[in-house]
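So the protein sequences, as listed, match chains A and B.
If you're matching positions, the first sequence starts at 1 in my numbering and goes up one per residue.
If you're matching positions, the second sequence starts at 1 in my numbering and goes up one per residue.
Result set (DSS-like, lysine-lysine): computed pairs, CA atoms no more than 27 Å apart in a straight line: (1) A/Lys284 / B/Lys148; (2) B/Lys62 / B/Lys12; (3) B/Lys79 / A/Lys65; (4) B/Lys174 / A/Lys12; (5) A/Lys12 / A/Lys62; (6) B/Lys59 / A/Lys202.
If you're looking for bench data, these hints aren't it; they were derived computationally from the structure.
If you want the building blocks of each chain, they are given just below.
Protein chains: 2
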Amino acid sequence: MNAIPAIVAGVKRIVMINPGFKGKQNPAVLYAARKCKIKEIYSIGGPSAIAAVAYGTKKINKVNKIVGPGNAYVAAAKKEVFGDVGIEGMTAGPSEVTIVCDKFSNPEWVASDLIGQAEHDNLAQCILISKDKSLIDKVQNEIVKQLKEIPRSSIARQSLSSNGILMHISSDKKIIDVVNKIAPEHLELNVKNYNSFVPKIKSSGSVCLGKYAVMAMTDYNVGSNHILPTNGSAKYSSGVSVNEFYKRISYINLSKKGIESLGPSVITLANYEGLAGHAQSVKKRIRRK
Amino acid sequence: MNAIPAIVAGVKRIVMINPGFKGKQNPAVLYAARKCKIKEIYSIGGPSAIAAVAYGTKKINKVNKIVGPGNAYVAAAKKEVFGDVGIEGMTAGPSEVTIVCDKFSNPEWVASDLIGQAEHDNLAQCILISKDKSLIDKVQNEIVKQLKEIPRSSIARQSLSSNGILMHISSDKKIIDVVNKIAPEHLELNVKNYNSFVPKIKSSGSVCLGKYAVMAMTDYNVGSNHILPTNGSAKYSSGVSVNEFYKRISYINLSKKGIESLGPSVITLANYEGLAGHAQSVKKRIRRK
Chain A
1 MNAIPAIVAG VKRIVMINPG FKGKQNPAVL YAARKCKIKE IYSIGGPSAI
51 AAVAYGTKKI NKVNKIVGPG NAYVAAAKKE VFGDVGIEGM TAGPSEVTIV
101 CDKFSNPEWV ASDLIGQAEH DNLAQCILIS KDKSLIDKVQ NEIVKQLKEI
151 PRSSIARQSL SSNGILMHIS SDKKIIDVVN KIAPEHLELN VKNYNSFVPK
201 IKSSGSVCLG KYAVMAMTDY NVGSNHILPT NGSAKYSSGV SVNEFYKRIS
251 YINLSKKGIE SLGPSVITLA NYEGLAGHAQ SVKKRIRRK
Chain B
1 MNAIPAIVAG VKRIVMINPG FKGKQNPAVL YAARKCKIKE IYSIGGPSAI
51 AAVAYGTKKI NKVNKIVGPG NAYVAAAKKE VFGDVGIEGM TAGPSEVTIV
101 CDKFSNPEWV ASDLIGQAEH DNLAQCILIS KDKSLIDKVQ NEIVKQLKEI
151 PRSSIARQSL SSNGILMHIS SDKKIIDVVN KIAPEHLELN VKNYNSFVPK
201 IKSSGSVCLG KYAVMAMTDY NVGSNHILPT NGSAKYSSGV SVNEFYKRIS
251 YINLSKKGIE SLGPSVITLA NYEGLAGHAQ SVKKRIRRK
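Please model the entire structure based on the sequences and the hints provided.
This is the structure:
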């Protein structure tokens, strides 16, 4: 998820850090890394891993930027090292979904979407919003039923009972206001008129449109990046993209005529600020020699 | 410097915080704010001002993102509130210039550029690099002479003696390596063959090309943004631009045929990860009802 935009941006050195499980990397992860031609892989994790790549060790050369999700400790460590290295401009923490439904939605499908999200971990956030009270009731019944059918039901149950919210809201306008306040990592617009919502959604990591676009698809192979802003950070940031690895440098060129034309107002402003040295460096280039 | 890219990006609420001097805003600053149509201005500064806009007070509504330079305390405060609000992805700290010169450079001009930078504050960083030893000597003599001519000479002298470096480097290739290691906020390529340098400069905030493009011009009116990465952060970030205020949201739409074609591999991957709930949410949409 991080490697592809980095490759597209032309990053020369890509380092993967992943704690693995009991010191072993998952073969599927290694396969994906190989597909991305990542050659530098360290089986390390947690805050100490962040420190290792930020400052370097005897075995690991320091990196310039650290991108990717992690638990609360990793997030805190990244914030700590920021400035010495770059990090992405958002918080990638526990996962969140907000689903908007209408009377055309299939309650069985919607319930499975919420459970799919809730099974991630205890801190996952699941929110259902609808104008249709009876649909909300049906989804709730379906959740109870389907929770019995999955192996990670205790995690999902705990997540839903502590961070699950069912909201009955009376108008599309109010729904949009609430969604923009939540600024969810994932938004599913499981409604017939999703096109009328789209231009009004200002804050969300990614938006699934229509009944077939289920969030689980975005976890794996629909192509959108899945490292997305959580915890309301979609209000000021976006998912990981090639922008994360792309730099812009400003170039300024001035001809003799250019400085003669723009220089006098710079001299005025510099003197106003009491920066005579600034004014001098411009003056010297303007006066005839 | 911040307001214009924010306006271009379509930011609806723009707040200016500026401590002013003895509680009074500088009229020139207010004039610039008026030109940018900024209506919300608070005469506050320092870490407490950062906290005020990050979390809100009785009089100030919280903002979503805080952008702009500040001293070390402001930079630390911004890092602290990051996550609750957005901040730019770089460090905008004490100012820096690196100047590359050749035998065609005018030592009087170059000396004035270094002094213009050094008069900012004690922590300003001034570096001169050249293949030409005699030019370095001439610039050094000019600095001594010109330091007597500016009002802020004691600041400039202190800055140059603690953070000023004159480097004699034998080849353009080595010069480029050193510049990329420094990753200066400002780079002046005061050399005849600046075009051969440009594609090789990987890390710098902004680059002034040729003998007339002096950094002081970029402080005021040449049009490039002047809030630039310092302290080596040009290795992983860029100056403030419209990108700082622009968000991207991914939209995902799937047809019935789409999920039938992409879904099976998602089910395989989700089951491999032990996420049966994810697999279910896809399965339910594929099976015929």
